Structure formats: structure tokens, C-alpha cells
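A.B. asks: Top to bottom, those sequences are chains A and B. By our numbering, the letter at position 58 of the first sequence is numbered 58, and the numbering carries on one by one without gaps. Plus 116 on top of the position in the second sequence (first one is 1) and you've got our numbering.
Relax, there's no trap hidden among the hints.
Calculated lysine-lysine pairs in the DSS-like style (CA-CA distance at most 27 Å, straight line):
hint : chain 1 : residue 1 : chain 2 : residue 2
1    : A       : K68       : A       : K1
2    : A       : K103      : A       : K68
3    : B       : K173      : A       : K103
4    : A       : K103      : A       : K1
5    : B       : K127      : A       : K42
6    : B       : K127      : B       : K173
7    : B       : K173      : A       : K42
8    : B       : K173      : A       : K1
9    : A       : K103      : A       : K42
Don't read these hints as lab results, they were simulated from the structure. Since the model is a prediction, treat every value here as computed from it, not as a measurement.
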Amino acid sequence: KQEVTQIPAALSVPEGENLVLNCSFTDSAIYNLQWFRQDPGKGLTSLLLIQSSQREQTSGRLNASLDKSSGRSTLYIAASQPGDSATYLCAVIPGGFSGGYNKLIFGAGTRLAVHP
Amino acid sequence: DAEITQSPRHKITETGRQVTLACHQTWNHNNMFWYRQDLGHGLRLIHYSYGVHDTNKGEVSDGYSVSRSNTEDLPLTLESAASSQTSVYFCASRGELAGDNEQFFGPGTRLTVL
Numbered sequence: 001k002q003e004v005t006q007i008p009a010a011l012s013v014p015e016g017e018n019l020v021l022n023c024s025f026t027d028s029a030i031y032n033l034q035w036f037r038q039d040p041g042k043g044l045t046s047l048l049l050i051q052s053s054q055r056e057q058t059s060g061r062l063n064a065s066l067d068k069s070s071g072r073s074t075l076y077i078a079a080s081q082p083g084d085s086a087t088y089l090c091a092v093i094p095g096g097f098s099g100g101y102n103k104l105i106f107g108a109g110t111r112l113a114v115h116p
Numbered sequence: 117d118a119e120i121t122q123s124p125r126h127k128i129t130e131t132g133r134q135v136t137l138a139c140h141q142t143w144n145h146n147n148m149f150w151y152r153q154d155l156g157h158g159l160r161l162i163h164y165s166y167g168v169h170d171t172n173k174g175e176v177s178d179g180y181s182v183s184r185s186n187t188e189d190l191p192l193t194l195e196s197a198a199s200s201q202t203s204v205y206f207c208a209s210r211g212e213l214a215g216d217n218e219q220f221f222g223p224g225t226r227l228t229v230l
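Required output: the full structure, derived from the provided sequences and hints.
C.D. replies: Written out as C-alpha cells, the structure is:
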């Protein structure tokens, strides 16, 4: 059974720091991996999607990497800003290349606070 | 732009009443999902659908039902609302093919059952 773990559970950093959020999964046969952001009282916003065949994706100051063999993904945030404060969720669709009809399995999230 | 919307955004109801939450997506996705989010439990899957007339139970389906009569809509019905169903409800949709498998979420419905 696929399980997703995110470390750390919470993180507080000063503005301007580069930071790394970690996500690990127990079964390397995944269809894709997706990073989301959730602001308090709001819905989930998709940040980056990494297909099973890809190693990384970039969007602005965000870079997500995927290492299926070790069951790990990292979300790198460059030059953090107070506006980056939110909960970041990692989720995988299990099942390898035939996983198109499978369900997302979420980690518990990392609560990030960036203070001025 | 394609989007996924939910209504109402906030709802207060009484125990025992039937409540229906609407979800509408314009992505033309076959796959649609309903989740609830509670403190300490994260996101839990209630029901999901892989296409018109297809519905499936998730991990917390008791007391909820869905129906899928077209591609765009997946309404969630609470047959007889209970206080334990006070929660924030999120609808999501996703394609199943490579290149169209990013999952998108609606803004959520905050439901309070008194």
C-alpha cells in the first residue's frame, strides 16, 4: 500500500532563504507526483506536476525533483517571501504507467511560515 | 479558461436535513472526486467517478451519495445531515491520459451542521 510522508511537518524561516521541502513515498511505481499549495481557509492550488518519466519540473522560483528509485521528491523554493507562507502538500498517483484511473494519495503536508 | 467551481461556498443546515453540494468543471475531465478536509485528518476521499453514470465509494462514503448524469457535474448529497459531517468539502477533477493528468481542485464548500 502506497504511503506518502512529508518532512518537516512545519518550518519557519526568515525571508530570503532558499528552502527544501521533502516528500517520500513507499512504492516507486507511480503514475505521477503533484505538489500543491493550500492557504488557510482556501482550496488546493496545483504548483507542479511531475510525470513518472520526468526528473524535475520548474515554475518561477519553484523547482520540484523526482527520484523514483529512492521514493523521494523535493520541492525547492528559492529566495522565499512572506507570501510563500502556506501548507505544501505532496501527492502521488500510484500504479506506474497504467495509473491513469487511480486516486491521489496525499502526504500530511508541510506548514511553512516565512517571516520578514 | 477552464475551471472547477463549487456552490454554495458556505452552508449552514440542521441535523437531519438533506443537503446537496454542487461541483461543476469545464475541463471536460472524466475523473471527478469529492474530498472532505478536517483538522487532524487531512484530505479524505468520499466518492469518485470515472465517467457518466459511474460512481464509486471512497474511504468515508457513509451518509453521502453522488450521481453523474453528465461530464461536467458531480453533485454530492448528504442524505440526512449529521454534526459529524461539519467539514470543508472539496471537489476535484482530472484527466486520465498522459499530458492531461494534473488534478485540479475547486475552492471548497464550508458546511456546518447544527
